[in-house]
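Heads up: the protein sequence lines correspond to chains H and Z, in order. One rule links them: number in our numbering = place in the first sequence (from 1) + 18. One rule links them: number in our numbering = place in the second sequence (from 1) + 110.
Bear in mind the hints are in silico, worked out from the structure with no lab data behind them. Warning: the hint list may mix true and false statements.
Pairwise CB distance ranges (calculated) [unchecked claim]: (1) Glu-546/Z <-> Lys-331/H: 20 to 30 Å; (2) Val-115/H <-> Gly-307/Z: 25 to 35 Å; (3) Arg-243/H <-> Ser-303/Z: 52 to 62 Å; (4) Ala-76/H <-> Asp-420/Z: 52 to 62 Å; (5) Val-162/H <-> Ser-303/Z: 25 to 35 Å.
We treat Cβ as the ideally placed atom computed from N, Cα and C, and that holds for glycine.
Listed below are the residues making up each chain.
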Amino acid sequence: MSSAQLDAPVAETSRSPRRGRRRSSPQQRSDTRAALLFISPWIIGFLVFTLWPVIYSAYLSFTDYDVINPPTYVGLDNYREMLEDDKVRLALRNTFVFTLMSVPAKVIVSLALATLLKQAARATGFFRTAFFLPKMTPPVAIGVLLLLLFNGQQGLINEFLGIFGINGPAWTTDPNWVKPGLVLMSLWTIGATIIIFLAALQNVPQELYDSAMVDGASPWQRFWRITVPMISPAIFFVVIINTIDSLQSFTEAYTAFFGAGNSTYSNDAALFYAIYLFQQAFEFLQMGYASALAWLMFVIVMVVTALQFWGSKKFVYYEGGDNT
Amino acid sequence: MKSRLAAASVASLALLALSACASGTSDDSDDTLASSFDPDKSYSGSITAMGFGAGDEIATTRMDVAEEALGGAKVKLVEGDLDIQAFLASVASGDAPDLVYANRDQIGTFASRGAILPLSDCIDGEGIDTDQYDDSALSQVTFDDEIYGIPEFNQVQLTQANQKLLDQAGLTVADVDGHDWDAVTAAAKKMYSAPGGKLKIIGYDSKLPEFLPLWAHANGVDILSEDGRTAQLNDPAVVEALTWAVGIYDEQGGFAKVKAYRDSADFFGEGNQFATDVLGAMPMEQWYLNVVNDVSPDAPMAYSTVMDRDNNPIAFSSGSAWAIPKGSPNPGAACRFAKEMTTVDTWKAAAQARLDLRNKDKKPFTGVLTGNDEADAEIQAMTTANEDPWKTGVEAMYAANDHTFALPANPADAEFKTAWQDAVNRVLNGQQDPQEALDQAQDEAQSALDEAWGKWDDE
Chain H
19 MSSAQLDAPV AETSRSPRRG RRRSSPQQRS DTRAALLFIS PWIIGFLVFT LWPVIYSAYL
79 SFTDYDVINP PTYVGLDNYR EMLEDDKVRL ALRNTFVFTL MSVPAKVIVS LALATLLKQA
139 ARATGFFRTA FFLPKMTPPV AIGVLLLLLF NGQQGLINEF LGIFGINGPA WTTDPNWVKP
199 GLVLMSLWTI GATIIIFLAA LQNVPQELYD SAMVDGASPW QRFWRITVPM ISPAIFFVVI
259 INTIDSLQSF TEAYTAFFGA GNSTYSNDAA LFYAIYLFQQ AFEFLQMGYA SALAWLMFVI
319 VMVVTALQFW GSKKFVYYEG GDNT
Chain Z
111 MKSRLAAASV ASLALLALSA CASGTSDDSD DTLASSFDPD KSYSGSITAM GFGAGDEIAT
171 TRMDVAEEAL GGAKVKLVEG DLDIQAFLAS VASGDAPDLV YANRDQIGTF ASRGAILPLS
231 DCIDGEGIDT DQYDDSALSQ VTFDDEIYGI PEFNQVQLTQ ANQKLLDQAG LTVADVDGHD
291 WDAVTAAAKK MYSAPGGKLK IIGYDSKLPE FLPLWAHANG VDILSEDGRT AQLNDPAVVE
351 ALTWAVGIYD EQGGFAKVKA YRDSADFFGE GNQFATDVLG AMPMEQWYLN VVNDVSPDAP
411 MAYSTVMDRD NNPIAFSSGS AWAIPKGSPN PGAACRFAKE MTTVDTWKAA AQARLDLRNK
471 DKKPFTGVLT GNDEADAEIQ AMTTANEDPW KTGVEAMYAA NDHTFALPAN PADAEFKTAW
531 QDAVNRVLNG QQDPQEALDQ AQDEAQSALD EAWGKWDDE
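Construct the entire structure; sequences and hints are all you get.
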């Protein structure tokens with residue numbers, strides 16, 4: 019418990035919240051009304067286009083629904099079917115493996131680039147923009163780009179590897195190399211992560227490094243003992259966001275292996291959970307089953323995020339917080 | 111209706127997409143519907159057609175003719191490929207378009223879900239002669255003995271080959287037309303070239319996964335029973351066909367190399383695989399003849415039909431169809447429009463428009479496959495491809511068009527297609543052998559068919 023909480027007056031905390039609340043002034047009430055008025059378009063949009071569909075999808079997950087005929091209540095059938103569906107297991111395995119590969123890759127590469135960027139002094143602005151630009155590429159274009167760059171015969175990646183005498187793999191057809199190819203391609207869009215790390219790095223007090231240098235700390239020790247702890251909140255934020263993003267990975271893999279890039283060719287190794295969900299919903303019109311799949315993913319994301327928050331208590335340092 | 115509207119809208123939102131929803135539709139009882147179709151009736155206002163694009167002279171000419179036949183009503187197009195989910199949501203929400211333009215293999219799924227109307231009243235009322243349509247095209251839009259679509263266009267496969275590479279290998283196009291599978295494999299090995307392990311010439315591309323139905327049919331069996339209820343994916347003849355077609359790739363360094371090489375080709379440009387002498391032969395839809403003729407008229411092409419193992423021409427037919435959605439505000443005008451878009455005279459007018467353009471460009475007119483037998487015969491007579499290789503190509507195209515087969519309409523087409531394509535892909539990716547992959551596909555496909563037919567039979 020933090021010292022702030024320990025110091026709180028007992029009488030104040032034992033009071034009911036209602037009794038403890040002070041009456042707001044007319045000005046405050048007027049401000050509140052104005053604020054609510056201004057954010058009401060968002061609130062209405064959220065309620066109509068997000069919250070209500072989410073709630074309704076929970077209902078649909080207990081139905082058999084093909085879009086055109088009314089939903090028919092089927093109890094837990096969709097959830098039972100999920101347990102017996104081999105492709106659900108395959109899609110979950112693919113998604114977890116991809117997440118386990120892509121999140122560390124994104125964190126390590128973007129942290130390395132941000133560290134280099136910090137050294138760039140006056141050129142930082144230019145490189146910051148340059149690194150961020152790929153983030154502006156539409157995901158569908160990235161999916162198509164993947165097929166070109168990672169083409170086993172004529173792709174730039176294998177051409178590059180060929181310079182060193184390496185016979186590059188069949189990135190787009192060999193099931194063992196499909197996910198590594200997608201992970202490498204996902205690094206295309208780490209611009210935002212780099213910017214977050216750069217901001218965190220620039221906030222680390224220089225005195226800490228100076229003191230460490232006086233004490234004879236090596237560059238690695240300074241990075242590991244000072245930089246990493248000091249930017250651990252940013253690392254934690256990036257891990258959380260990228261984990262959720264990877265668990266919901268869809269567009270690039272779908273475009274490259276199931277959609278426009280390949281109308282008939284597909285590869286099981288790229289069947290991510292969101293792709294399987296999309297197929298069930300919009301290709302096979304099994305909206306009830308797809309809703310159940312969506313809720314399973316929701317629960318998985320919640321559990322994974324909760325575990326990450328639990329783990330963060332041990333590893334994340336907040337200045338002024340209790341994790342010292 | 112209210113719950114359907116809510117469900118359609120909300121499911122779409124919750125699962126990635128927004129769908130349109132509106133209110134108001136006609137109440138189509140069977141009696142009213144039957145009286146909607148009258149060949150002497152004129153229509154005013156406008157009708158909406160979803161999924162059709164008026165992108166070339168064939169489409170615009172036919173549109174003009176068909177619109178005129180409505181007697182005043184205008185046709186609004188919701189262009190682009192049909193968005194199935196948007197279409198079904200519009201029907202569920204009572205805001206259906208008057209007419210929908212779909213792939214023929216989607217018709218069974220739409221019919222089984224009650225999204226489109228049976229066309230017997232339309233056909234009787236407007237006096238549409240269904241005998242004029244290609245049999246396989248008509249079979250694709252016939253679900254449970256009812257016609258649900260007016261077919262148009264036909265896509266068929268030809269053996270398309272590079273004469274120069276054939277000559278260099280001492281081969282003829284008959285060696286790669288498919289009647290002798292051992293000969294095709296041998297030809298692939300002769301034409302294939304991969305100096306230093308890097309693929310330079312693909313000898314023969316069996317075009318998997320998409321042409322498994324073609325090779326299975328060539329081996330004497332279809333992958334789906336005639337009534338559309340039973341998958342036949344692990345039939346020994348299908349397994350043999352897949353084993354052979356995959357083996358072609360194995361003889362050329364494996365599917366991964368062949369696919370990577372063909373993916374890097376300038377398929378639609380003047381540097382296409384035939385023009386640059388890097389592909390010996392492949393079965394391919396007839397429209398590619400037009401592409402090659404247009405962008406590389408000097409390519410050393412050779413054409414033939416694809417043959418089955420008894421040396422008979424075969425082609426796996428596909429195409430489009432017009433259908434009238436449930437709740438169509440103006441089914442009478444929709445039926446008239448579909449009828450007029452597919453008459454012999456309309457097709458001839460469209461063919462003439464293309465012929466004029468080709469003459470202007472000083473290029474041969476290679477014909478159009480309409481899905482209407484009479485129109486095809488008339489248009490074949492209009493073709494101007496009088497010199498080889500295009501003359502032979504056009505002859506092969508019309509010969510293939512006379513020997514088509516199709517998979518029957520069924521209520522689980524998407525699931526069925528995914529099952530067999532995934533199976534082929536697992537074999538191509540080296541994850542399973544043909545027997546194992548097709549056994550799995552058989553289970554998946556049959557399960558989907560049983561469930562979908564079960565629902566239909568229960569209704």
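Going through the hints against the structure:
Between Glu-546/Z and Lys-331/H the CB atoms are about 48 Å apart, so this pair departs from the stated range of 20 to 30 Å. Checked against the given bound of 25 to 35 Å, the beta carbons of Val-115/H and Gly-307/Z, roughly 30 Å apart, stay inside it. In this structure the hint that Arg-243/H and Ser-303/Z lie 52 to 62 Å apart at CB holds, the actual value being about 59 Å. In this structure the supplied range 52 to 62 Å holds for Ala-76/H paired with Asp-420/Z, their Cβ-Cβ distance being about 57 Å.
Checked against the hint of 25 to 35 Å, the C-beta distance between Val-162/H and Ser-303/Z comes to roughly 29 Å, which is consistent with it.
Of the hints listed earlier, the one the structure fails to meet is number 1.
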